[in-house]
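J.: Below are the chains, spelled out letter by letter.
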Amino acid sequence: MFEKTYRPTMDGLAEAAADLDGALAFVPDSAKAVVMVAADEIFANIVRHSRASAWTLSVEETHDPEGVRLTFEDDGLAFDPLLARDPDTSLSAEERAVGGLGIFIVKKTMSPVTYERRNGKNVLTMTKSFERK
Amino acid sequence: MEIVKQKDGGKLTVQVKGRVDTLTSPQLAAELQDLSGVESLVLDLSGVPYMSSAGLRCLLMSQKAMMKAGGDMVIVGAIPAVREVFDITGFSDILTLA
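Order-wise, the sequence lines are chains A and W.
The first sequence begins at 1 in my numbering and counts up by one.
The second sequence begins at 1001 in my numbering and counts up by one.
I should point out that these hints are in silico values taken from the structure, not numbers from a laboratory.
All of these numbers come straight from a predicted model, not from anything done at the bench.
Warning: the hint list may mix true and false statements.
[Said to hold, decoys possible] In silico DSSO-like links for lysine-lysine, alpha-carbon gap of 30 Å or less:
#, chain 1, residue 1, chain 2, residue 2
1, A, LYS4, A, LYS108
2, A, LYS108, W, LYS1017
3, W, LYS1068, W, LYS1017
4, A, LYS4, W, LYS1017
5, W, LYS1064, A, LYS108
6, A, LYS107, W, LYS1064
7, A, LYS107, W, LYS1005
8, A, LYS107, A, LYS128
9, A, LYS128, W, LYS1017
10, A, LYS121, A, LYS107
With the sequences and hints as input, model every part of the structure.
T.: See below:
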């Protein structure tokens, strides 16, 4: 299990992305890529919008089914990203808004994704299951 | 991230190497900001292991700019992990993937 606390800055985000890349060494490449994408969306939300003083990333291996679970904790403003409305993915390029896709990608690629406000903190978990070839 | 641009008349080929995420996408956005005089934009993503929504934002802005200018944009070499994100978000329908 990996766990580390970061500052809510772009430097903190860079450090977390590098650490996560290492912590996911046991995950097959294709699953690792989508986990990195999903994590980037959550990192960006925390750093840009939460006004947290610090945030923590935990990574743990799960079994039956085999997978990886990430937990993000921050002491910022209460925010449940799962309540965000899904973007309309059927619109044409001209009609598409720039943004709003991050959480949607998380919801579509990770299962389950959970949120709770616990002891003044936002706690988000997301799990990616995978099969080894 | 490493970006190599090659201009051949009205055709601009942009080769991207490395992940495209919150940290690196500003660099890609900057490289794709000025597309004046470009009739055909080719984005080679064969060296991109993954792309988050920050990268999709760059692609959408370029796509809109090229459509407005009457040009075209083609994405080549996207690996399955990158295509998966295009499929989920409906970008497979608004981008031209070769």
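J.: Check the hint pairing LYS107/A with LYS128/A against an upper bound of 30 Å on the C-alpha distance.
T.: 11 Å, holds
J.: Could you grab the alpha-carbon distance between LYS4/A and LYS1017/W and see if it respects the 30 Å cut-off?
T.: 29 Å, holds
J.: Hint check: LYS121/A vs LYS107/A, CA-CA at most 30 Å. Holds or violated?
T.: This hinted pair holds, its Cα atoms lying about 21 Å apart.
J.: Does the alpha-carbon distance linking LYS108/A and LYS1017/W stay inside the 30 Å limit?
T.: It holds: about 26 Å lies between the C-alpha atoms, which stays within 30 Å.
J.: Does LYS107/A pair with LYS1064/W here, judged by a C-alpha cut-off of 30 Å?
T.: Given pair LYS107/A, LYS1064/W holds - Cα atoms ~26 Å apart, limit 30 Å.
J.: Starting from LYS128/A, check that the Cα of LYS1017/W is at most 30 Å away, please.
T.: 26 Å, holds
J.: CA of LYS1064/W to CA of LYS108/A, is that 30 Å or under?
T.: OK: LYS1064/W and LYS108/A at ~25 Å, within 30 Å.
J.: Is it true that the CA of LYS107/A sits at most 30 Å from the CA of LYS1005/W?
T.: Cα-Cα ~35 Å, so violated.
J.: For the pair supplied as a hint, LYS1068/W and LYS1017/W, is the alpha-carbon distance within the 30 Å limit?
T.: Cα-Cα ~27 Å, so holds.
J.: Would you check the hint for LYS4/A and LYS108/A, treating anything up to 30 Å between C-alpha atoms as holding?
T.: Holds. LYS4/A to LYS108/A sits at ~26 Å (cutoff 30 Å).
Of the hints listed earlier, the one the structure fails to meet is number 7.
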